[in-house]
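Visitor: For reference, the chains in residue letters:
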Amino acid sequence: MVEDIKAANMSTHARKKLMGYLFLLPAVVSFLYFVWYPVVLTFIMSFQSVNLAGATSFVGIANFKTLFADPVFAKAWANAGQFTIFSLLIGYLLPVVVAILINEVRFGQAFFRISVYLPTVAPSVAVSILWLWLFDPSLGLLNKILGWFNLPASQWLLSSQSALPSLVLMATWSGFGGTAIIYLAGLQGVPEELYEAAEIDGAGIWQRAWNITIPQLKPVMMVMFIMQILGTMQVFAEPFIMTGGGPNNATMTILLLIYRYAYTYMDMGVASAASLLLFIVLSILSFIYFKLENRAA
Amino acid sequence: MAEKGRALVGKLDLKRPMVRAGYLIMMILLVVVALATLFPLLWVFISSVKSSVEIFQVPPSIWPQEFNWSSYANVWSKFNFLHYFGNTVVFILGIWIIQMLVITLAAYSLSKLKPPGHQLIMFGFLAALMVPGLAMMVPKYVILQDLPLFGWNLLDSYWAFWLPAGANAFNILLLKTFFDGIPDDLIDAATIDGATEMRTFWQILLPLSKPILATLTIFIFLGAWNNFMWPYIVISTTEKQPLMVAIYDSVFKSAVFAQNDIMAAITIAIIPPIVVFFVLQKYITQGITLTGIKG
Chain B
2 MVEDIKAANM STHARKKLMG YLFLLPAVVS FLYFVWYPVV LTFIMSFQSV
52 NLAGATSFVG IANFKTLFAD PVFAKAWANA GQFTIFSLLI GYLLPVVVAI
102 LINEVRFGQA FFRISVYLPT VAPSVAVSIL WLWLFDPSLG LLNKILGWFN
152 LPASQWLLSS QSALPSLVLM ATWSGFGGTA IIYLAGLQGV PEELYEAAEI
202 DGAGIWQRAW NITIPQLKPV MMVMFIMQIL GTMQVFAEPF IMTGGGPNNA
252 TMTILLLIYR YAYTYMDMGV ASAASLLLFI VLSILSFIYF KLENRAA
Chain G
3 MAEKGRALVG KLDLKRPMVR AGYLIMMILL VVVALATLFP LLWVFISSVK
53 SSVEIFQVPP SIWPQEFNWS SYANVWSKFN FLHYFGNTVV FILGIWIIQM
103 LVITLAAYSL SKLKPPGHQL IMFGFLAALM VPGLAMMVPK YVILQDLPLF
153 GWNLLDSYWA FWLPAGANAF NILLLKTFFD GIPDDLIDAA TIDGATEMRT
203 FWQILLPLSK PILATLTIFI FLGAWNNFMW PYIVISTTEK QPLMVAIYDS
253 VFKSAVFAQN DIMAAITIAI IPPIVVFFVL QKYITQGITL TGIKG
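Sequences listed follow chains B and G, in order.
Taken in order, the first sequence gives residues 2 to 298; the numbers are from our numbering.
Taken in order, the second sequence gives residues 3 to 297; the numbers are from our numbering.
No wet-lab data here; the hints were simulated from the structure.
Only a predicted model underlies this, so the values are computations on that prediction, with no experimental measurement involved.
Quick reminder that beta carbons are idealized off the backbone N, C-alpha and C, glycines included.
Warning: the hint list may mix true and false statements.
[As the list claims (entries may be wrong)] Label-pair distances were calculated between CB atoms; the ranges are:
{"hint": "1", "chain 1": "G", "residue 1": "W78", "chain 2": "B", "residue 2": "Y22", "range": "45 to 53 angstroms"}
{"hint": "2", "chain 1": "G", "residue 1": "F152", "chain 2": "B", "residue 2": "Y22", "range": "16 to 24 angstroms"}
{"hint": "3", "chain 1": "G", "residue 1": "I64", "chain 2": "B", "residue 2": "A70", "range": "45 to 53 angstroms"}
[Stated by the list, open to error] Here are the simulated EDC-like cross-link-like pairs (lysine to aspartate or glutamate), alpha carbons at most 20 angstroms apart as the crow flies:
{"hint": "4", "chain 1": "G", "residue 1": "K255", "chain 2": "B", "residue 2": "D137"}
{"hint": "5", "chain 1": "G", "residue 1": "K13", "chain 2": "B", "residue 2": "E194"}
{"hint": "6", "chain 1": "G", "residue 1": "K13", "chain 2": "B", "residue 2": "E294"}
{"hint": "7", "chain 1": "G", "residue 1": "K17", "chain 2": "B", "residue 2": "D137"}
{"hint": "8", "chain 1": "B", "residue 1": "K18", "chain 2": "G", "residue 2": "D251"}
{"hint": "9", "chain 1": "B", "residue 1": "K17", "chain 2": "G", "residue 2": "D182"}
{"hint": "10", "chain 1": "B", "residue 1": "K17", "chain 2": "G", "residue 2": "D195"}
{"hint": "11", "chain 1": "G", "residue 1": "K13", "chain 2": "B", "residue 2": "D202"}
{"hint": "12", "chain 1": "B", "residue 1": "K18", "chain 2": "G", "residue 2": "D186"}
{"hint": "13", "chain 1": "G", "residue 1": "K13", "chain 2": "B", "residue 2": "E105"}
{"hint": "14", "chain 1": "G", "residue 1": "K178", "chain 2": "B", "residue 2": "D268"}
{"hint": "15", "chain 1": "G", "residue 1": "K13", "chain 2": "B", "residue 2": "E197"}
{"hint": "16", "chain 1": "G", "residue 1": "K116", "chain 2": "G", "residue 2": "D187"}
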């Protein structure tokens, strides 16, 4: 009898193990095919000459040489750096401030929450076409608004000086609300009693902000810092639709250049080499992100 | 008793005129930010109902002289919205079905069945979070062109999106975390009662996970509806394009449509995600709170 139960347990156990693997199988296969193999393939193709028909030959570091000899490649990285700095300057603290303000609103909080989040759900195609229209120097809304304040009209996307900052403005508009909502979620976890107690102890508003609100946001702020850099380094659809990387490569991004090498110049090898370099940089950043997130959790 | 709904600024603070003035200024600033965020979206609609003359007025008028709906009729008659809408529905449904199936099973196994070596597999999934999606477009394209071991060419087919749909490390992690919160006793009790793993999964685990599945569904819907770059690269036949790609290719880039027509098309394309957002807000907020990530 005891033996029977033991045998039954054994078979249940074995079946549980078998089912465990079986249920993991589709996911493992998906990852092998569409995450891990692409990484390996990027590495291999970086050292190959590949045409679209799939014929390959080993070319050593020739692809990397081509890349480094291309001034547009350097320009794309410089743009990525500039894009990152601009978007951190304009967009890093904005969501923090907006979240704190929304949290202070006594009624109609939902209205503000919804308003700032809405651009996040709008498709990038729609956002790009809309902003192309807003940026239009003569027909666009933005120059009209500048006119109200007696400010000189801007060429926005049409001049190589203002094109990149213009894209940053648009990216900030479409992204800050989503980030603000994340901060807001953190702020709403602070119990009212905590502020009350600090107030009774004689802490002023600034002291409370500094000692209660900011520490609550700090871990998320660190994570968002990296997230924002990761995001700006992968800008693609917006310049693709709006500027094609111009004028004069002022809005050329790394992904746009990879796309151009792969599908315009039909050179998958050089495109892979550029992907590999981007992948390495992004992995390092993601790694830092995970370290920070683990500390935040 | 703490004052309900208070945060930094309390009732007592607001009795001081300086604080009250500062608070008022801050609130006005917030209203300005909210309007600056909403107005561009409204501008799409305003532009769409301007006449084909008024739309080219310099400088632009803030409000249309009269509402002119002809752009909607025009774009609806020359661009087959329903066809491309249908494409997007099929596109999203396939992604949803396959991703849900793959990730719920995987998360169940990782959280409850825990076969030997599951930590290693989990690590493999987690490390995938470091692999940026579109940066891998070239090798992915090559793989889709000639799927290793099968030899299938998945380019220009929705299978290029459906098959990889399950490789979503973030969503697996999210589900696993949720499943971890469901007591093991519940699962063990079912097993003792003789339920198979599959039955426990369908009849106990999934019904308990409805809120998180709803959140995932919304994120999958929004992501797939808004997706542009990768479908644009992979799908080459015009008739097969999802709505966003078609709007770019056949409305925005076409010479047939005037600016007000284009804005009408965009208004129509923006409505579904906004409606979904309004109706299912609760689940989106919950997703953000659970994950700390927006969509």
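Visitor: If a hint holds in the structure, say so; if it does not, say that too.
Guide: Evaluated hints:
| no. | hint | result |
| --- | --- | --- |
| 1 | W78/G with Y22/B: 45 to 53 angstroms | holds, 52 angstroms |
| 2 | F152/G with Y22/B: 16 to 24 angstroms | holds, 22 angstroms |
| 3 | I64/G with A70/B: 45 to 53 angstroms | holds, 51 angstroms |
| 4 | K255/G with D137/B | holds, 16 angstroms |
| 5 | K13/G with E194/B | holds, 13 angstroms |
| 6 | K13/G with E294/B | violated, 36 angstroms |
| 7 | K17/G with D137/B | violated, 48 angstroms |
| 8 | K18/B with D251/G | violated, 50 angstroms |
| 9 | K17/B with D182/G | holds, 17 angstroms |
| 10 | K17/B with D195/G | holds, 15 angstroms |
| 11 | K13/G with D202/B | holds, 16 angstroms |
| 12 | K18/B with D186/G | holds, 16 angstroms |
| 13 | K13/G with E105/B | holds, 12 angstroms |
| 14 | K178/G with D268/B | violated, 41 angstroms |
| 15 | K13/G with E197/B | holds, 10 angstroms |
| 16 | K116/G with D187/G | holds, 15 angstroms |
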